[in-house]
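Protein chains in written order, with our numbering: chain A, 71 to 367; chain B, 71 to 367.
The hints are simulated quantities; they were obtained by calculation from the structure and are not laboratory data.
Quick caveat, the model's predicted, so the values are computed rather than measured.
Fair warning: there could be bad hints in the mix.
Which copy is meant is left open, because identical chains are indistinguishable; a pair holds if it fits in one copy or across any two.
For lysine to aspartate or glutamate, the following EDC-like pairs were computed, each having C-alpha atoms within a straight-line distance of at most 20 Å [stated by the list, open to error]: (1) Lys102 - Asp245; (2) Lys102 - Glu178; (3) Lys102 - Glu237; (4) Lys270 - Glu204; (5) Lys164 - Glu178; (6) Lys116 - Asp294.
Chain by chain, the residues:
Protein chains: 2
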Amino acid sequence: MMSSFDLSSYLSSKREQINETLSSIFSNTSTKLVKAMKYSLMGGGKRIRPILCIAAAETVGGQSQDVIRAACALEMIHTYSLIHDDLPAMDNDKLRRGQPTCHVAFDEATAILAGDALLTLAFEILSSMTFIQEDQLLNWMNVIHTISSAAGYRGMIEGQMQDMAGEARLLCLEDLENMHALKTGALIEASVTVGAILGKGSVDQIQRLKIYANHIGLAFQVTDDLLDVEGDPYVMGKDVGSDHSRSKSTFPALIGIEKSKQFAKKLVKNALKALDSFDNKAHPLRAIAYYVVERKK
Amino acid sequence: MMSSFDLSSYLSSKREQINETLSSIFSNTSTKLVKAMKYSLMGGGKRIRPILCIAAAETVGGQSQDVIRAACALEMIHTYSLIHDDLPAMDNDKLRRGQPTCHVAFDEATAILAGDALLTLAFEILSSMTFIQEDQLLNWMNVIHTISSAAGYRGMIEGQMQDMAGEARLLCLEDLENMHALKTGALIEASVTVGAILGKGSVDQIQRLKIYANHIGLAFQVTDDLLDVEGDPYVMGKDVGSDHSRSKSTFPALIGIEKSKQFAKKLVKNALKALDSFDNKAHPLRAIAYYVVERKK
Chain A
71 MMSSFDLSSY LSSKREQINE TLSSIFSNTS TKLVKAMKYS LMGGGKRIRP
121 ILCIAAAETV GGQSQDVIRA ACALEMIHTY SLIHDDLPAM DNDKLRRGQP
171 TCHVAFDEAT AILAGDALLT LAFEILSSMT FIQEDQLLNW MNVIHTISSA
221 AGYRGMIEGQ MQDMAGEARL LCLEDLENMH ALKTGALIEA SVTVGAILGK
271 GSVDQIQRLK IYANHIGLAF QVTDDLLDVE GDPYVMGKDV GSDHSRSKST
321 FPALIGIEKS KQFAKKLVKN ALKALDSFDN KAHPLRAIAY YVVERKK
Chain B
71 MMSSFDLSSY LSSKREQINE TLSSIFSNTS TKLVKAMKYS LMGGGKRIRP
121 ILCIAAAETV GGQSQDVIRA ACALEMIHTY SLIHDDLPAM DNDKLRRGQP
171 TCHVAFDEAT AILAGDALLT LAFEILSSMT FIQEDQLLNW MNVIHTISSA
221 AGYRGMIEGQ MQDMAGEARL LCLEDLENMH ALKTGALIEA SVTVGAILGK
271 GSVDQIQRLK IYANHIGLAF QVTDDLLDVE GDPYVMGKDV GSDHSRSKST
321 FPALIGIEKS KQFAKKLVKN ALKALDSFDN KAHPLRAIAY YVVERKK
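Same shape as in the complex, but just chain A:
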């Protein structure tokens, strides 16, 4: 059944649609600020969050074009979080996706403001009445609330705080899972939820998709930790071993490489279980669950 689904072409075609929409969003200005925003936004990300958003919409019977702008807003928020996390005052990373990070390519002040501007632009896009049908206003308001809650002080940003605090001491497994649930899990859950809302899924469908999202979100992180130990720096476009060198708490460090791999597989199994009652339209989400742990970067 699943073997007939070509994930690779699905991902390429969605990426293309997302990249085209992202490019079309900026007005015809080329200020230094816009250049820095585009530099990071168009720098070749995997587009996992917007693709999850679209795939979730399709799973409940919606279409790409219903959610494409929300999907782009999610990618902007993800990109802003990377720009700020890379700053000297935080992770002080020089490379991202094989390219100099925003503050290296531009300067620190511009990188801070480009991040701020991408976060703000996400909400400008989500609230543009040019693209919202009046009978969908309530759904879009829920989307804005879902995304802002997930990205905020009880979600992604608190996750980054805990991640930085975790560099000073070894976290226990529970704290590590909780940190990831906030730092990356919250926005991944929001991506899937937003897709399901705008695809007009039922409350029950949205609930099951959230369970799926929580499991693949954590599986994604466990895999990231594994790639930092075992990955190929050339393929990944960034240094490996950086978690270890900053004595970050990771799954391999806490439970070992083999148990981490088993854990990731178990998470994927549970993610797939949450999709049991969906039909063939959930094939992209199913294939993405496998992809999350099998990817090489």
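Starting from the structure of chain A, add chain B where the hints point.
Structure of chain B alone, referenced to chain A:
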């Protein structure tokens, strides 16, 4: 007519209402992140933007409680912009409102994230259906769009970019006005516009209030520049002369102190003119126009 209006008690009572609502917004957590957010947010600002928002709503016949949450969101966005502008990579300011700036009181990473979190929280508040009546959904969506556009890459953030670029060279008067129109004018205009939208003002009323806002926004900046030259550092709670020491372009530097004062007065006169067709309910806005240029801090 105006003499009967007591601006001082009006400002105090609105400030109290704003501060109470701001405090009530945070959930019962006291993470380091929340402490940093509250430190800057509750650090005794003038609350000009939220008060303008409320006063604009009242001017068109609305009430405080219709707009109080939008007013608080505006103050959060203003506060986030101050936290980020104060960072070492930008203005590198150590004092704000007489207290150590956020990155001095906490640390740089926490200050960046506290700013991010206040910006995000603004949109969480603006989209909370607990406080939005269904027949007001379109108005609130317009409010989110108005605020995000004003605060974004074609508004406030671009203004900060231009302000930093302006430290390296002397701006002409037109560039200086344009920079201020973006850096502070855009959010002040948004504050008044949002108040007028949620107070259910007509398109024509909103238009006239925008003209008012643009004039007092610029008058506010001219006065800020004058206070940096002539103000009392004890009253202002920050250093004076700092614009001069970093050779920033200012109105007094470009056109002299006396002409700057005349310019501010002319702006106030034009702001008042835009309010001509409004009744007594516009008295707070009228009094604020005078206050903007007569304040000592």
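For Lys270 and Glu204, with the copy left unspecified, which applies at a CA distance of at most 20 Å: within, between, both, or neither? both (15 Å within a copy, 18 Å between copies)
Homo-oligomer pair classification [Asp245, Lys102; C-alpha up to 20 Å]: Between copies, since 16 Å is at most 20 Å while 40 Å is not.
If the cutoff is 20 Å on CA atoms, where do Lys102 and Glu178 land: within, between, both or neither? Let me know, please. Only inside one copy: Lys102 and Glu178 sit 13 Å apart there, 24 Å across copies, limit 20 Å.
Between Lys164 and Glu178, at a C-alpha cutoff of 20 Å, which is it: within one copy, between copies, both, or neither? So Lys164 and Glu178 pass the 20 Å test inside a copy (12 Å) and across (18 Å) alike.
Measure nothing new, just compare the shortest in-copy and cross-copy C-alpha distances for Lys102 and Glu237 to 20 Å and report within, between, both or neither. between (34 Å within a copy, 16 Å between copies)
Between Lys116 and Asp294, at a C-alpha cutoff of 20 Å, which is it: within one copy, between copies, both, or neither? Result: close within a single copy only, 13 Å intra versus 46 Å inter.
Checked against the numbered hints given earlier, this structure breaks none of them.
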